[in-house]
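Student: Now for the letters of each chain:
Number of protein chains: 2
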Amino acid sequence: MHILIIGAAGMVGRKLTERLVADGGLGGNEVTALTLVDVVEPAVPAGFKGDVRTEAADISNSGEVGKLISSRPDTIFHLAAIVSGEAEADFDKGYRINLDGTRFLFDAIRLESVREHYKPRVVFTSSIAVFGAPFPEKIGDEFFLTPLTSYGTQKAVGELLLNDYSRRGFFDGIGIRLPTICIRPGKPNKAASGFFSNILREPLVGLEAVLPVSEDVRHWHASPRSAVGFLLHAATMDLEPMGWRRNLSMPGLSATVGEQIEALRRVAGEKAVKLIRREPDPMIAKIVSGWARDFDTSRAASLGFSAERSFDEIIRVHIEDELGGRLPD
Amino acid sequence: MHILIIGAAGMVGRKLTERLVADGGLGGNEVTALTLVDVVEPAVPAGFKGDVRTEAADISNSGEVGKLISSRPDTIFHLAAIVSGEAEADFDKGYRINLDGTRFLFDAIRLESVREHYKPRVVFTSSIAVFGAPFPEKIGDEFFLTPLTSYGTQKAVGELLLNDYSRRGFFDGIGIRLPTICIRPGKPNKAASGFFSNILREPLVGLEAVLPVSEDVRHWHASPRSAVGFLLHAATMDLEPMGWRRNLSMPGLSATVGEQIEALRRVAGEKAVKLIRREPDPMIAKIVSGWARDFDTSRAASLGFSAERSFDEIIRVHIEDELGGRLPD
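Those protein sequences? They're chains A and B, same order as listed.
Here my numbering is used: the first residue of the first sequence is 493, the next is one more, and so on.
Here my numbering is used: the first residue of the second sequence is 493, the next is one more, and so on.
Derived by calculation from the structure, the hints in this document are not laboratory data.
For each residue, glycine too, the CB sits at the ideal point set by N, CA and C.
Simulated restraints on C-beta separations:
1. A:Gly577 with B:Thr748: 48 to 54 Å
2. B:Val606 with A:Asp664: 36 to 42 Å
3. A:Val544 with B:Ser746: 56 to 62 Å
4. A:Glu533 with B:Gly632: 47 to 53 Å
Working from the sequences, and respecting the hints, build out all of it.
Tutor: See below:
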């Protein structure tokens, strides 16, 4: 089978590629071809025996999207997006990539399917940013979409289009709302959500990290490994039981910053916890106060999705996947 | 003030125009200019003392939309849409008019507002078609959007865009989900919802009407007069209390077909009821079974919207507004 990953150079895209290469197959079918696309050309994955094509493409150019789809991939992962902060700062760019790009992709598939029978599986990563405060303490599967950012709006529109195009039979789509990914590998960044990962990732390797909010801040997390697991399950599961409600919130772990720190203490000791420097930032505290804290994801659970159940587990996954299985001395 | 009505040649557009001309003002301001636009040129309203411009325009042409907005109307009613059946039959046309057209309009306002301060009120008619079964017996104000038609999807996308463009400060928007309009004036038509009006309007003037479903079918109604009332209230109310949740379901009357017929009996007698011919149509029955039956519209009520409370009242409104106040002998 031929798999297309759009957004393959991002963190989740890279991990998904690695996993597909390691598994060699998807849902019992051999992966014979991989097309990896991003705004910058993704790296060629090591150790893949099938055909690989890596390509820089602009999905807000309908012609480029059409060319990608003309090769009729069996499974399409659409992970590409302008992130929240940038979509808010650059209105045009956010709408051009996140809305037009997604629509061009869906339309290219539609036109290909109308030309000659074609019905790929399309897995679209949406976001919990489709929800904005005020919301219930636990956001249920039937709560309405109330985005408070242009990014969240664009993702919500993508969800609606995915659902309608699936209902019309142009492709077999599913949209999954990812929790905040924790622990995000790499360097500390300036994203407002960065500290959720920073305060664990940095102390685990003996480095200082800044905590800009109070310990009672509660948020919704899943590991990068879980995110890849969601994508693979979404790509292979039976979508029939979903009816024409093809978008849903993924499972995750609701935890306070204090609970994150307690888990760090259990896994890496007091020495690691001491590396967290409190430096309150009222602006970050304000942004984060509008974010979802907890979800009722019974629908996802009944459809076979699962994630970590404790922050100890999330930290252990990071140590296994990023630190070679053990903490540095 | 200058008012622009897009979709002015439709039934609701015509009634809104008549009402604005009769009132001479909106929210305490004199209406000095009216621009009436539709895909066919709307009629010039009789008796209006200000400037009138009537125009045929295609809102899926961004240049034509830009020209409309360059005159900087203070209030914009966006009522134009390809109806449900046609949007389902012609995928491209529905998306082109209902999604692209709406986005071009919102974007033209955005560009004008960026060019030089401009922040009109925008009233967008959405639809209860943003909801599709299964849903609760009463659909509440926080129930998620689950369209089962391309039309409903396009309206839901319009709602999301309206909300984001309002939040970003480009205009002051409100989206109102109209109930099924009953009694719709005119001739019987083939819309699946046509019979709700036909079985009252025709017998009231001594003509036969066909009832294709059983009497226990329950649906959600408001009169054309109420629809115009919603639009005027939406155009003049304080939107501040809505926060960034600028779309809502309008009040209406939940009634069964049997209750409609009982009201007809009370208002026009047994002779009228006898003109209803039962001719079951399983296809119409199936379509209608997926439609919303009842709503909890407490949010709209708290914001000052109101509609009829009985079918007797809905029939009386029709007699007053369409039949000169009395039934024919």
